[in-house]
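Using the hints provided, position chains B, C and D relative to the given structure of chain A.
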Amino acid sequence: MSTSFEVWLAAALTLMVLSFLWRDNPFYKFAEHLFVGVSAGYWMVLGFWTTLWPNAVVKLVPAAARVTDPAATLPDREPLVLIPLGLGCLMLLRLWPRLSWLSRWPTAFAVGTTLGYNLVRTLRSDLLSQIHAAVLPGLLIRAVDGSVAWGATVNQWILLAGTVCCLVYFTFTRGDRGARAPLARAGLMVLMVAFGASFAYAVMSRITQLVGRLHFLLGDWLGIV
Amino acid sequence: MNWLTSIHWNLVLWLGGALGAMAWGIRQVRRNGPPRLRRIAGLEAVDDAVGRATEEGRPVLYVAGTQDLDDVQTVASLGILGSVGARAARYGCELIMPTDRSLVMAAGREVLRESYTRAGRPDDFVADMVSYVSDDQFGFAARVDGLIARRRPGAVFLQGAFYAESLLLAEAGAQAGAVQVAGTAMNHQLPFLVAACDHVLIGEEFFAAEAYLSRDPDRLGSLQGQDLVKDAVIVVLVVGACLVTLADITSWGWLANARDLLLKVVQP
Amino acid sequence: MTDARVSWVERLGLIDRRWLYLVLLISVAVAVVVRPLFPDTPSTFVQPVVDRIERLEPGSPVLISLDYSPAAAPEIEPMAFAMVRHLLMRGAHPVFISLFPEGSAMFQRLHAEVLATDFGDLEAGRHWTNLGYKAGGRMVINALRQDLSAMYHADMDGRPLADLPGLADCSRLGDFSLIVALTSGTPGLKEWILYGGDPTGVPVVGGCTGIGTPEYLAYFPGQLRGLVGGLKGASEYEAALASLFPERAFPRRAGRVMGPQTVAHVVILIFLVLGNVAYLRGRRREGGGGAA
Amino acid sequence: MRRLMPQIITTVVGVLLVLTALMARPEDAPTGGRLAFFDFIDRNFSVWFNILAVFAFILGGASLMKSHLIKIVGRRSDWPYSVVTLVSFLVVLVVGLAKLGGPPGLTGDVTHPEAWLQTVFNGLYDPLMASLYSLLAFFVASAAYRAFRMRSLEASILLGSAFVVLLGRTPLGTWLSNLLPPSLAFLRIDAISMWIIRVPNVAGQRAVLMGIAVGVVALTWSVLTGRSRSRGGQA
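Residue numbers (this note's numbering), protein chains in the order written: chain A, -12 to 212; chain B, 18 to 285; chain C, 540 to 831; chain D, 9 to 243.
Everything labelled a hint here was simulated from the structure, so no lab data went into it. Watch out, some of these pointers could steer you wrong.
[Claimed, not checked] Listed next, the in silico SDA-like pairs over lysine to any residue satisfying Cα-Cα at most 25 Å (straight line):
#, chain 1, residue 1, chain 2, residue 2
1, D, Lys74, D, Val102
2, D, Lys74, D, Val91
3, B, Lys281, B, Asp248
4, A, Lys16, D, Val99
5, A, Lys16, B, Arg167
6, D, Lys74, D, Ser85
7, D, Lys74, A, Val(-6)
8, B, Lys281, C, Val741
9, B, Lys281, B, Ile266
10, B, Lys281, B, Val253
11, A, Lys16, B, Leu164
12, D, Lys79, B, Asp88
13, B, Lys281, B, Ala249
14, D, Lys79, D, Val102
15, A, Lys16, B, Gly163
16, A, Lys16, D, Leu101
17, B, Lys281, B, Ile251
18, A, Lys16, B, Arg160
19, A, Lys16, A, Val(-6)
20, A, Lys16, B, Ser151
21, B, Lys281, B, Ser268
22, D, Lys79, A, Pro84
23, D, Lys74, A, Ser87
24, D, Lys74, D, Val99
[Said to hold, decoys possible] Reference listing, derived: stretches of chain D covered by chain B, where coverage requires no fewer than 3 residues with Cβ under 8 Å from a Cβ of chain B:
#, stretch
25, 108 to 119
26, 122 to 131
27, 141 to 148
28, 151 to 157
Owing to the predicted nature of the structure, the values given are computational and were not obtained by experimental measurement. Every residue gets a Cβ at the ideal spot worked out from N, C-alpha and C, and that includes glycine.
Chain A on its own, in the form it takes in the complex (with noise of 0.2 Å):
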């Protein structure tokens, strides 16, 4: 059994959560207020001391990089960060109702970035390259003896073929008859083979974070592992 404190203290914590199976309980709303407030405090420390201090603090008072690191040799000055310091200011005043009107500037900022920047990439990633992706040569050839490759190459049209019917299957303004109906049919069918697996890979990803637990539990706290 474990002498470390750290260690009893995650214990304590990790059946308090689990005790959420047998019902909602005190020690279950204590455990999960508790994880609140602590990550938004882990967070916001980290995003002051990794990101706001060096690349706010430092550029504008080059002499604060002393503070953490008494050797620093002292960057330049760079006033322009006063300009994403001021938006962030105006994005506090989200706080006094009179003032939160001005905090739709930062935030204005913050969505023309994010889709500024967006845009042109997922057109690139998610549409461009994915068609890249889908149009290759439907008839593959091995290279060792110059046969073709029968399995992989249906496996490639099937491919396309099931990507041109969930495409079909998310149109939606051209009406339900005619040639579109099966094919949208048939994507639909696609997409659930495809949500299976979904399913089958999220529920492993959960069955080990139990696993991940236990062996806390068992092994790290216990011992008996």
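This is chains B, C and D only, laid out in the frame that chain A set:
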């Protein structure tokens, strides 16, 4: 000029084409009215589910996801809530809506008040239909599960952004024998919801549902434009695959040129 | 006779869920204690990762992004440890960063179990470098693409980037030989493909949780050169490592967990079958298998 | 002003970045002349965004305090739990910002193995998060028994595919497959599960990705042009 050569022309082509298609779609809808819409089974199930619950004398339960109002899926869900609420009002069926955010509660009340008024039954609207339960994820699910076990709703709607709590909610509904209609764009939860619910609006269907129900011409037009882009993608895929294959097995130069041109257009 | 069986099936359907919890808990706990070890071989998605690392020149800088949280650690840590061991055995220079706040703590565990234990003779800053966490997600990748020093001025021990011999020829993302994204969510592998690999041409390989695997496979093999998916992938990687370096006898964390994992899969499959048998019987009795 | 200014910021920033992504070739050597402007944007906007991201954490913490303080002061139901959240938040904040434990003063890494923040991580954050997620394994197990039903053709296909993959990705699947005679090798459950992942799964995922990409174009356009809030056609 070096900057002319440094433009990704094929990206410009696709982007321009997509934007053009959407502009065309919106113009088309504004001029000629809404397009022919494919039926979405999950959306048609809304009516039946509410009807069945009414016949059995059981209430309808609606959960608008577990995220706050700043999530697009929550907003889309409130659009669907409007039409579910209108049907419940028309049939005189009781509606219960537990929420896990106070903002969603307030917005839900507004939406339902309007649907009940529009259905001509403003007096049937009671603010308490929409209640705030709890902010915490599994705590919310546990209490909604209790509610489902006690009230035994005839229809359960799980529409919006869900995380792991979706499983708990769907399981409780299945146990109560409710008709369950789910809708979400959370890819990780979709498979579980499909397995546990009777009807599911899958990803894009969920967003399209909002356009279907709102009948907003711009939304429908944009949808029509997006469909045009998807059609173009389908054509490129089919033509491209055939072209690449033929160019591979024949030795015709023009085929190889055509293939190279096409691959350049889709070069990421 | 038939009636008795139907009611038995029906009773099965109404069983309290806590019994199911208990069955799962006990069967997994027993398997955790027994810990069987199964043989494994790399699959189509894992082998390319192994091959790519095998082909690296000694000294090649490899960016490793630790984008996972404690919840995913049971899945990701075994593969992270195996891949870092492999990189260091081949003399590559791993540069660790993180887009997850928890990444710094995850690095500490990796340091304790791999860098300090198996490779105690290697030097920080010369043989491997830890740059740490930055907030901003995909925008961090975007900034690194332009210039490493836009986001990072020093490593986590405070040494300025310019003083790190291992990073002498490495001033931006494009200078790396390989990007290894170990991912449990967003931001993660997808962002590394979209914002890192695609625009710079640096090959990206990944390790991810089971949940992410099916989606990321759509990027394989074009944009994603190899994928170690979930515990099974990690177990395959460990097996590959064991056959490459039999003399080192590295621990096989994932391999050891595959036993309890298999038991749990079987329990869930049994539940799935039993539940559906009860359902289909109930439905047949209700209305001759008509529409429900 | 209140509505116009945010729209202008979003549109200008968004359009500039779209143009940047279309024009600049940052992977080439640094460009000069006209492209220098785009390089400047590309480099700085992401760094600025990252600084803003930290303010989002700060805002999140502050709103957390505000909402829980309201609960405590108003003695709302479950208010004692709000005290737990509030106190733990403040304690972690002080421990982290003051870099208690570890290297002396404010020097060194806040996640240094001896820093108290690392104890907070190991003793509180890590077990809580990992345990919350491990609950899901139980939920899946009970839903497998009580909710996942072959109620339609679609659900049956999904469950069938899930069954094969779940079995095929374990040593048990390999073991069962080894019982098959070589002539039936195509029925090997591990091979079928691999096929499902490589072919139909990729087809489905690919279509979903393409669909989302088209949706992103539509969404970006409607936000950048300010149509996203319009109802009924007129802005």
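Going through the hints against the structure:
A hinted pair counts as satisfied when its Cα atoms are at most 25 Å apart, and Lys74(D) with Val102(D) qualifies at roughly 18 Å. At roughly 12 Å between alpha-carbon atoms, Lys74(D) and Val91(D) fall within 25 Å of each other, so this suggested pair holds. Among the hinted pairs, Lys281(B) with Asp248(B) is consistent with the structure: their alpha-carbon atoms are about 19 Å apart, no more than 25 Å. With a C-alpha separation of about 19 Å, the suggested pairing of Lys16(A) with Val99(D) holds against the 25 Å cut-off.
Under the criterion of a C-alpha separation no larger than 25 Å, the hint pairing Lys16(A) with Arg167(B) is consistent with the structure, at around 22 Å. This hinted pair checks out: Lys74(D) and Ser85(D) have alpha carbons roughly 16 Å apart, not beyond 25 Å. For a cut-off of 25 Å, the pair hint linking Lys74(D) to Val(-6)(A) is broken: about 33 Å separates their Cα positions. Proposed proximity of Lys281(B) and Val741(C) is supported: the alpha carbons are some 20 Å apart, at most 25 Å.
For the proposed pair Lys281(B) and Ile266(B), the alpha carbon gap of about 20 Å is at most 25 Å, so the pair holds. The suggested pairing of Lys281(B) with Val253(B) holds, with an alpha-carbon distance near 12 Å, which does not exceed 25 Å. Restraint check for Lys16(A) and Leu164(B): the C-alpha separation of about 19 Å stays at or below 25 Å, so the hint holds. A threshold of 25 Å between alpha carbons decides the hint, and for Lys79(D) with Asp88(B) the separation of about 24 Å falls inside it, so the pair holds.
For the given pair, Lys281(B) sits about 16 Å from Ala249(B) by alpha-carbon distance, which is consistent with the 25 Å threshold. A threshold of 25 Å between alpha carbons decides the hint, and for Lys79(D) with Val102(D) the separation of about 23 Å falls inside it, so the pair holds. At roughly 16 Å between alpha-carbon atoms, Lys16(A) and Gly163(B) fall within 25 Å of each other, so this suggested pair holds. Proposed proximity of Lys16(A) and Leu101(D) is supported: the alpha carbons are some 22 Å apart, at most 25 Å.
At roughly 17 Å between alpha-carbon atoms, Lys281(B) and Ile251(B) fall within 25 Å of each other, so this suggested pair holds. Pair hint Lys16(A) plus Arg160(B) holds up; C-alpha atoms about 13 Å apart against a cutoff of 25 Å. For the hint pairing Lys16(A) with Val(-6)(A), the CA-to-CA distance comes to about 21 Å; that is within 25 Å, so the pair holds. With a C-alpha separation of about 11 Å, the suggested pair Lys16(A) and Ser151(B) falls inside the 25 Å cut-off, and the hint holds.
For a cut-off of 25 Å, the pair hint linking Lys281(B) to Ser268(B) stands: about 20 Å separates their Cα positions. Pair hint Lys79(D) plus Pro84(A) holds up; C-alpha atoms about 18 Å apart against a cutoff of 25 Å. Simply put, Lys74(D) and Ser87(A) have alpha-carbon atoms about 15 Å apart, close enough for the 25 Å limit, and the pair holds. The straight-line distance between the Cα atoms of Lys74(D) and Val99(D) is roughly 16 Å, inside the 25 Å bound, and the hint therefore holds.
Counting residues of the stretch 108 to 119 of chain D whose CB falls under 8 Å from any CB of chain B gives 0; the rule of at least 3 is not met. With a cut-off of 8 Å between beta carbons, the stretch 122 to 131 of chain D has 0 residues touching chain B; three or more are needed, and the interface restraint is violated. Here's how the stretch 141 to 148 of chain D fares: 5 of its residues keep a CB closer than 8 Å to some CB of chain B, so the rule of at least three is met and the hint holds. For the stretch 151 to 157 of chain D, the stated coverage by chain B holds: 5 residues have a C-beta nearer than 8 Å to a C-beta of that chain, and at least 3 were required.
The structure does not agree with the numbered hints 7, 25 and 26 stated previously, though it agrees with the rest.
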